[in-house]
Amino acid sequence: MYRSWWKILSVVLLVYTFTAGLLLKVPHLPALEETIRNLYFHVCMWFAMMILFTVSVINGIKYLRTFNIRYDIISRQYATTGIVLGLLGYATGAIWMSYTWADPNNPAFQSFGALAREPKLIGTAVALLIYFAYLVLRDSIADMDKRARISAVYNIFAYAMLFPSIWIVPRLLPSLHPGQEGNPAMNFKDVDSSMRVVFYPAVIGWTLLGVWITTIKIRIGLLKEKKWQ
Amino acid sequence: MTTGSQNEYKKLTTKFSVIRSLTQIWTLFKKDLLLEIRQQYSFYGILLYIGATIFVLFLGIDEPEEKVWNGLFWVIQLFICINAVAKSFLQESRGRMLYFYSIASPGNFVLAKLLFNTLLMVVMSLLSLLLFSLFLGYPVVRTGPFVGLVLLGGWSLSLIFTFLAAIAARAQQNAAIMAVLGFPLIVPQLILLMKISNATFNPLLSLHASNILLLGALDVLVILLAVILFPFLWKD
Chain S
-4 MYRSWWKILS VVLLVYTFTA GLLLKVPHLP ALEETIRNLY FHVCMWFAMM
46 ILFTVSVING IKYLRTFNIR YDIISRQYAT TGIVLGLLGY ATGAIWMSYT
96 WADPNNPAFQ SFGALAREPK LIGTAVALLI YFAYLVLRDS IADMDKRARI
146 SAVYNIFAYA MLFPSIWIVP RLLPSLHPGQ EGNPAMNFKD VDSSMRVVFY
196 PAVIGWTLLG VWITTIKIRI GLLKEKKWQ
Chain C
26 MTTGSQNEYK KLTTKFSVIR SLTQIWTLFK KDLLLEIRQQ YSFYGILLYI
76 GATIFVLFLG IDEPEEKVWN GLFWVIQLFI CINAVAKSFL QESRGRMLYF
126 YSIASPGNFV LAKLLFNTLL MVVMSLLSLL LFSLFLGYPV VRTGPFVGLV
176 LLGGWSLSLI FTFLAAIAAR AQQNAAIMAV LGFPLIVPQL ILLMKISNAT
226 FNPLLSLHAS NILLLGALDV LVILLAVILF PFLWKD
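Protein chains in written order, with the numbering used here: chain S, -4 to 224; chain C, 26 to 261.
By construction, these hints were calculated from the structure, which means they are not laboratory data.
Idealized CB from N, CA, C, for every residue including glycine.
No false leads were mixed into what you were given.
Pairs of lysine-lysine residues, derived as PhoX-like cross-links and limited to a Cα-Cα distance of at most 20 Å, are as follows: (1) Lys57(S) <-> Lys141(S); (2) Lys57(S) <-> Lys260(C); (3) Lys221(S) <-> Lys141(S); (4) Lys55(C) <-> Lys112(C); (5) Lys141(S) <-> Lys260(C); (6) Lys2(S) <-> Lys212(S).
Pairwise CB distance ranges (calculated): (7) Thr49(S) <-> Tyr34(C): 40 to 46 Å; (8) Leu24(S) <-> Glu91(C): 35 to 41 Å; (9) Leu24(S) <-> Gly173(C): 40 to 46 Å; (10) Met139(S) <-> Leu246(C): 27 to 33 Å.
Starting from the given sequences, assemble the full structure and let the hints guide the process.
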């Protein structure tokens, strides 16, 4: 029981996110109105995704230092859970976008192409494509050690190239998405204090949920590994 | 030995190792160049590829407007780069790689490859620019900056795809996996390149030095990563 405290914490924080996030008072902003509550889901999922991808890269580096296959399995599973959270982030973002950006009176937003040109969408699409490519690369190599080494190398290289595409390039292009100046959501002035009491617990809650799912997948991966030996 | 002479000795050995690695890079570079000159089919193959692609574009559209020209130009650069760079590691047989492993350090080996592919891609970029301006019109207003940008872009593309070619070769895959791995990685650079080169079509827009510096910084990052990560790729 004492080792599962963080799982309980994750459930408690997420229950808090869903109840307090939907019930507490939020600032009323034009165009956003009540949709601002999506901040607790959309932004937090992207946060969790970035954290999980970072953990994946750290385990890739650990693998290259030790050549222990365990780190390779950990690295891979964190990447897949990161992808799932990224897709969820997209889904919540699409819902949010359809209420705030997609103005039927504005001809610029009549096509999907006009919305997809959004730099932040491009950046995150690149992130997901990179990790899909990572999975394709993994599956294309039969030899286990070779697969682990090559995919760790690609993981590190891709993560380093991902940084400019998420954090630098979108700022050089015009965008509707908030957070154009400075780090989106990391700036304390961005988020109202009444929302921060839910926002930070929500980030921790989603991240812990991701970690929880991943640990189960890692256990399955390690068991499969044992069976084949 | 006194500390002074020890320092002198250290300085000399580091000087020697720098010179030795430089000569190693130069020798490996010359080897690639010589191979390219001896087996000219691959060089002419890429030339034919450039010519045929641009001719097909010429048949499909005549005199596209600036934005279309710009987009087409960079996409064609991307495909040329994949074709030109793909074989750089795939051509080396297993035995030959083992030989290089015994005589050269991995950092020098990959640096020589990067250098050679840079040269190859710079030549190909200039040729495709020439053909583009012949067949599809020339909307560029500021030629000097645009040519510089084409060289910088060719360099950036060749660096990333050289490293991916190394990965693809180690995975014993063909060039198709290079495209899968490389397209997402090249997007930020391509966006930057298209954005900057848009400014050379219009005399009213100004070129931002910060964007060009950012591209240069990305290239340096790729070189550093290649030198750090390549040793793990070629160990077996």
